[in-house]
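Dock chain B against the given chain A, drawing on the hints supplied.
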Amino acid sequence: MTVDITGREYPTVGPYHVGSEEIRRFATAVKNTHPFHHDAQAARAAGHKDLIAPPTFLVSIAQRAEARMVNDPEAKVDFSRVVHADQRFSHHRSVVAGDELYATATVVSVKELAGNRLITTQVEITAAERAPVSTITSTLLIRG
Amino acid sequence: MIAIENLTKGEVVATRTININRADLIRYAGASGDFNPIHWSEATAQAAELPGVIAHGMLSMGLAVDLVTEWTNDPATIIDYQTRFSAMVPVEETTHTANPARPFDNPNPGAQLDVVAKVGAINEETRVVRVDLTVTNPHDDNARVLTRAQAQVQL
Chain A
1 MTVDITGREY PTVGPYHVGS EEIRRFATAV KNTHPFHHDA QAARAAGHKD
51 LIAPPTFLVS IAQRAEARMV NDPEAKVDFS RVVHADQRFS HHRSVVAGDE
101 LYATATVVSV KELAGNRLIT TQVEITAAER APVSTITSTL LIRG
Chain B
1 MIAIENLTKG EVVATRTINI NRADLIRYAG ASGDFNPIHW SEATAQAAEL
51 PGVIAHGMLS MGLAVDLVTE WTNDPATIID YQTRFSAMVP VEETTHTANP
101 ARPFDNPNPG AQLDVVAKVG AINEETRVVR VDLTVTNPHD DNARVLTRAQ
151 AQVQL
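Those protein sequences? They're chains A and B, same order as listed.
Start counting the first sequence at 1; every next residue gets the next number (the UniProt record's numbering).
Start counting the second sequence at 1; every next residue gets the next number (the UniProt record's numbering).
Isolated chain B, as found in the complex:
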């Protein structure tokens, strides 16, 4: 249980570096139903004047919120979650040097996200805490992938 009275605005509650590979994009396409070829076809991505195959914005948004879920220890507490998508995340092709039967355990990341979750605002009356997520790409001069990524948590 999180004690709301012990929280401080600006306090870091979680950090994580998340690896993304082409296999993750294909898996997300299947799970979400978003089969836009810019997320799996290099030729299509280049024809669309993109730097290459890029991650679904919704994949980055979905990956980042796990820090909030882990912190609250109940996903049902997340009553609102929003973001702007401010930088694309190109996902490079990498060799599967690990067991090809376990493509999601590939130790060679095609892209990475650095995620920091901080307490953005505390409302003791409604017991709603806003968690601000900073999501940057260490392979792209720490470009901000998500901007104003905020989760409202009902404690």
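Just chain A, with the same shape it has in the complex:
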């Protein structure tokens, strides 16, 4: 029997400490060369608290929360058949070096399409006291 996992919320993961080197390493990997990702003095001179994380940086934290769903036996995700279908970042504020972040994944929808399964999850990234940082939505397509 297939269990409907729509609406299921997984336990919050974290805290994750966002370090300067981690921001620089991610920015380098996506060839995001802007000084605010690499040079804290330049970021501060422009009024930012510290290094600014690249727009897609939070995927590394969001995917750790999503892993809770992927590893849920009732979600029935065969990771070798997974294709990334879509991704969205809605940032409520910028992520800066020194942030302590938490991530909570919820299953938004599960659809069947031409023998494939599409699972959409939403990950809320929060700081202390659940202050909103970013809402991240992604869909995994599991090839049938």
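These aren't lab readings, by the way, just hints derived from the structure by calculation.
Each residue gets a CB set at the ideal place from its N, CA and C atoms; glycine is no exception.
It cannot be assumed that every hint is accurate.
To be verified - Straight-line distance between alpha carbons at most 30 Å, and here's what the computed DSS-like set of lysine-lysine pairs gives:
| hint | chain 1 | residue 1 | chain 2 | residue 2 |
| --- | --- | --- | --- | --- |
| 1 | B | LYS118 | B | LYS9 |
| 2 | B | LYS9 | A | LYS31 |
| 3 | A | LYS31 | B | LYS118 |
| 4 | A | LYS31 | A | LYS76 |
| 5 | A | LYS76 | A | LYS49 |
What the hints assert, rightly or not - Some but not every residue of chain A turned toward chain B, in silico, with C-beta under 8 Å:
| hint | residue |
| --- | --- |
| 6 | LYS31 |
| 7 | PHE36 |
| 8 | HIS38 |
| 9 | ALA40 |
| 10 | ALA42 |
| 11 | PRO54 |
| 12 | PHE89 |
| 13 | HIS91 |
Structure of chain B alone, referenced to chain A:
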């Protein structure tokens, strides 16, 4: 500073061709924590019925947004960024003819992305500009790698 009143819908604000090599995939795997072997193991990719080692979709998404950051000159202005992944990007093995100590400067690309950033929508009231990114693969009949790739920029 970008003057919102001088922008025109459809205006091209940046273009770039980005090279991708196997070394880039390994570096992205390390930086993001996404070690799915289809992004670095040819045997695994073929067993999964893929054309070969493919780039992380999130690598293409992360590479493309740099055009928007460069245009606004402040990554904190990008308040929303979304895309659909519509074509895989196979990354061929290439010989490192350049200095092997500098694998990311390899002049022989294993794949390439052509990226064009255009003004998609302008809201003068909220001062939010939507930038539409077209990301195509010149090694695959200019297949659209990302579809509906849109960045919302708060000016």
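Inset, instruction - Hints the structure violates: just list their numbers, smallest first. - result: 4, 5, 8, 9 and 10
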